[in-house]
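There are 2 protein chains.
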Amino acid sequence: MRVLALAVLVIAVPLLAPARADEGMWTFDNFPSAKVKAAYGFGPDKAWLDRVQKASVRLDNGCSASVVSKDGLVLTNHHCISDCAQALSTARDDLLANGFVTAARKDERICPGLEASILQSISDVTDRVRAGTADATAQTLAQRRGAVIAAIEDEACGKDTTKRCEVVSLYRGGQFKLYRYDRYQDVRLAFAPELQAAFFGGDPDNFNFPRYAYDMALVRLYRDGQPAKGLKPLKLDPTGAEPGELVFTSGHPGSTQRLLTVSQLEYDRDRRLPWIIENLAQLRGTLLATAGIGEEEDRQVREALFGVENSIKAIMGQRLALVEPDFFALKVAEEKQLRDALATRADLRAKYGDPFAEMAAVASARRGQFIQMQMLESNPGSGSSLLGDARRLLRASVERGKSPADRLPEYSDARLASLERSMLAESPTHPVLERLQIEYWLLKSREYLGADHPAVKALFGNQSARDIARQVVEGTNLDELAARKRLWENPAEVAGSNDPAIVLVKRIDDAARAARKTWEQTVTGPTTIAAEKIARLRFDVLGDSVYPDATFTLRLSYGAVKGWTDPSLGEVAPFTYARGLAQRATGAYPFNLAPRWSENQGKLRPDLQFNLVSTNDIIGGNSGSPLLDKEGRIVGLVFDGNIHSLGGAYGFDAALNRTVSVASPLIIEGLRTIYGAKALADELTAG
Amino acid sequence: MRVLALAVLVIAVPLLAPARADEGMWTFDNFPSAKVKAAYGFGPDKAWLDRVQKASVRLDNGCSASVVSKDGLVLTNHHCISDCAQALSTARDDLLANGFVTAARKDERICPGLEASILQSISDVTDRVRAGTADATAQTLAQRRGAVIAAIEDEACGKDTTKRCEVVSLYRGGQFKLYRYDRYQDVRLAFAPELQAAFFGGDPDNFNFPRYAYDMALVRLYRDGQPAKGLKPLKLDPTGAEPGELVFTSGHPGSTQRLLTVSQLEYDRDRRLPWIIENLAQLRGTLLATAGIGEEEDRQVREALFGVENSIKAIMGQRLALVEPDFFALKVAEEKQLRDALATRADLRAKYGDPFAEMAAVASARRGQFIQMQMLESNPGSGSSLLGDARRLLRASVERGKSPADRLPEYSDARLASLERSMLAESPTHPVLERLQIEYWLLKSREYLGADHPAVKALFGNQSARDIARQVVEGTNLDELAARKRLWENPAEVAGSNDPAIVLVKRIDDAARAARKTWEQTVTGPTTIAAEKIARLRFDVLGDSVYPDATFTLRLSYGAVKGWTDPSLGEVAPFTYARGLAQRATGAYPFNLAPRWSENQGKLRPDLQFNLVSTNDIIGGNSGSPLLDKEGRIVGLVFDGNIHSLGGAYGFDAALNRTVSVASPLIIEGLRTIYGAKALADELTAG
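Chains as they are written, first to last, in this note's numbering: chain V, 1 to 687; chain G, 1001 to 1687.
No lab work stands behind these hints: they were computed from the structure. Ideal Cβ positions, reconstructed from N, Cα and C, are used throughout, including at glycine. Don't take each hint at face value.
[To be verified] A partial selection of chain V residues facing chain G, derived with a Cβ cut-off under 7 Å:
#1 285
#2 446
#3 587
#4 589
Whenever a hint applies, use it, and build me the whole structure from the sequences.
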């Protein structure tokens, strides 16, 4: 599993009944310690929870991590910092290919735009959010709620850039909570292995097991130019876990859809997921062929390629879960439990009406508006950082002139600081990738919306997609920090800019805003209203013995180190060991060893734990989470889920679903024996 | 709609009731003339049918056509001969880019491997086929039936290469008929416009309307080195059709799935179509990016690219039809009609048991075997002609040594002649495309089957997909006719050949044969048995007032020239005219004009009919069909269906589904005015 909020995990469980053993991504303020204790003989107490919470790090690019030394050293996955390594690379100095091994702390390098957050407190703001939008309609709700939330966040954090405040909707609107974080805007890369060591086996082995991946990296949090002080690290256990042992993951699962209604699931199954798959599959082919042109092309696009391959595999797994008749029947049955409660209890009907019918009624608007929203508003340029920056500069120049209540929420005062920082970070662009992404976006927009759509005509004029993409990438100055800074600081100049990236996004900005407004009024608004009624109905029927869907906020899962019986592979053991690596290394990509490993892997103990699986319930965003024993010691580093885990966005199957981690003994031995990184290894083991 | 047996068309109709107005792909021996007469005041008589049948041509690459002069001139689509134009092109002389305009008949060029067939007679062999496999089991049925059919075909045609005999299964096993054709193995390209004129608007306009495509071409049938004699041409109407006019299409629709059971439809909807879409979308991206590298790469891959783009659009349309709840409910209701008949009539139960349950029971085998069958057996090399030839040489060398009854059916005596001809045709290979296809196939096989699958291990050894593909394409001699001829004529040499293409397919031939055998025994056999029972049940309940699913055999459809009311476009008029072309031509690909058109299009009458739509029920394979008026004169040339027609593989919707044709006046005026091809235009209008 790699970076962003992409789904991992599986199938099957009565979500409405209290969760089964080992299931759940629990918030730290509602962790079922008693239940865990009953099953495993140990349940974490408040001190344990507090300690782990304050050593758990969110990397705001979509990953998790943990503090592992008193000098702010943080352990995460290689694939969580690979965008940083990519950004710091040049054609001559390729950190992905060669790894990054520092001789001393002074050589650590700032990851452009990367921020880290550590959760300090959670407080309930449900009443205030509800009160602030009590009289909102479906048409006004999205805008009004955005304004209320921005006000709460602004009030709590102000302009203090060392804090981050976020109002989180849990249980799909059942609760609203204010999460306050300590925030670190100076995150430096301290160690990275070669991509080939981190991602040994490549796409074929991704989401599979047995595995032999050294998917780890170290960054360091800095404050005022010095390593951050005052953090309480988790200790790394040099001996690792044992089969059957109770283990926890503390991390930030990105997004799950386990509480969706049947009509929403049908939409995902029949429309949304197939659309994403077709779109990503073509993009994947485009990236693969471009990477094949030459070494420099490969260097420029491979990060994007890995992201796309990871996403498409995850989403294909989600779709397959939803077309499984037994699984879908279970979802129908779960919903029926709530529908039956409504049918038999007049008090519930009086409170909520029929929110399931309300939700189903949104389907046709969702279907009619989806593609337009996607192509024009959600991701202009299919990930192009040039068009993304152009869009942000253009919108910020307009939104900053408005009163806070009227702004698009992503331009609220509380969020402008991060935005400014990412806009003004020194980060290289990759012209090969940029051209590819812009051309791709233009072609797919024309394909999906039709050549006669007004926005498509505005984008294309009398030109081809290829020419437009070339002109933007060759003609823009937005790849230069100075140009971005000038426009950021002089918003009045943006509207008249003749920078081709800004000109291109400006051509459709009205259409994009209109698409978003329609979406918010006809889809987001009514969906939110119906979902909140269902969430409250669920609390009325089941209490809070359920866990909320993942929201890229801190969660704790529990489970055991355990293999599984696979329908096609048979018995799968929970650990791999160093001795297995040589057998799997054919020498041909992606089963080739990085040079340092070819040279040194023979020096590892043959029985050194390599990777392991456990029954923890995780999903994309958990990448980089520490795997902890009951003492709160790190026995592994989560980096993937097995193939059965891919449907986990929609439900969890304890029999087949497994979390995949790098074993703690390998983390240390790899640093010492393969990389000679003695200082870091010592720092890590000292804690 | 382009070439192969790819689906076009739409949604909705009680298939089990007699077909509604304008629906149906009718065989010439069961055409509902009385019904057409009742609706339109004219119904074709036997003489009309015979005349049209014997001027209707099947191009055996998956297209339709018609005889248009007494000297064997044949009218079809450009996209039906674009593979020929591609094969005849070199880097210096690019017939796709420049078109092919002959000064004289002697300049006409043989299309390598292309054959044409004209249907002469149909006879019923149902009893013989059934009797020959009466005691077959699900395990033996596929092989046994293949042998019986090969025997009938061999007996009817012998080794006469001027005839083609094919036993066709109609109504999914409800009838078996022997189709006898006159066969032409020397088909020469006489005229082709530029690809950009034929496919103006490219992929964005494909399956759309209004259109401005000159998607026509002329080939000539030769016999013994001379233009074929004795054919009775259809006449081209220089004035064209009128709105509302009754029109027919006579052609060879490739394949429809309108008679599938609900369990089969579910499989297509949830498994098969999504798999194809993901696979083709990635291939599309790979081809697009490769075409973007340079002109020569573009030349080598674009034919394959257009084929993939056409297929994926068609298949996405099919999937969307199947996820439409109303449409699927109709299918369920249709099946219920037969199920109810079974439930209420003991005689039917006694004859057939419960064939729907039998069909549903095949699903899990189909699901378990599908990918293996696809990747190892169905299409080794994802279309690579080198691996295809290697596979055929290898298998032929084995199969030709067996008795006819034991052979794989595609190596029966009746089929060996065509196979030999295509193997020994002089046809260039495109190394860029071949490498791409082979690498793609290897990567997707590993992805789908897993790196640890024995066949995948056998394919890869210790190499990367890229290296294997490069070695095959650089090392093989199969691109040379002499090498293929030598191995074809000396089958004993094949097994020991060290040609890398043969070595590669040999590595998995046992696994591929085993996958096929399992598939035939657990999927094809039981499916055939259940389908035949359902077909007979359908005849018992409904008689033969229904038409059979398309099977790439000659069919007649009827309808009217008519626009439609589109959900998003509003009213769409039935014709486009020459005056509209200039407005749509932006100058940027794919809306640029070919040079001859830039120069001469102003000379066309502004009100010259360009393209038109009609309500005929067609599907992929109908490309190149003549659109005929009630006199049997050609008023158009079918080349596409509109976007609503894409679900037509599964059902037909008369309100929205439209056939798209080149208007006959443009066919002639284009030849005269744009291309100065006076001799051909005169030949065409003389008939």
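Hints, one by one, checked against the model:
1. For residue 285 of chain V, the interface hint holds, since its Cβ comes within 7 Å of a Cβ in chain G; the closest pair sits about 3 Å apart.
2. Hint on residue 446 of chain V holds. Least Cβ distance to chain G is approximately 5 Å, under the 7 Å limit.
3. Interface restraint check for residue 587 of chain V: the shortest CB-CB distance to chain G comes to about 5 Å, inside 7 Å, so the restraint holds.
4. Of the supplied interface hints, the one on residue 589 of chain V holds, with its beta-carbon coming within about 5 Å of a beta-carbon of chain G, less than 7 Å.
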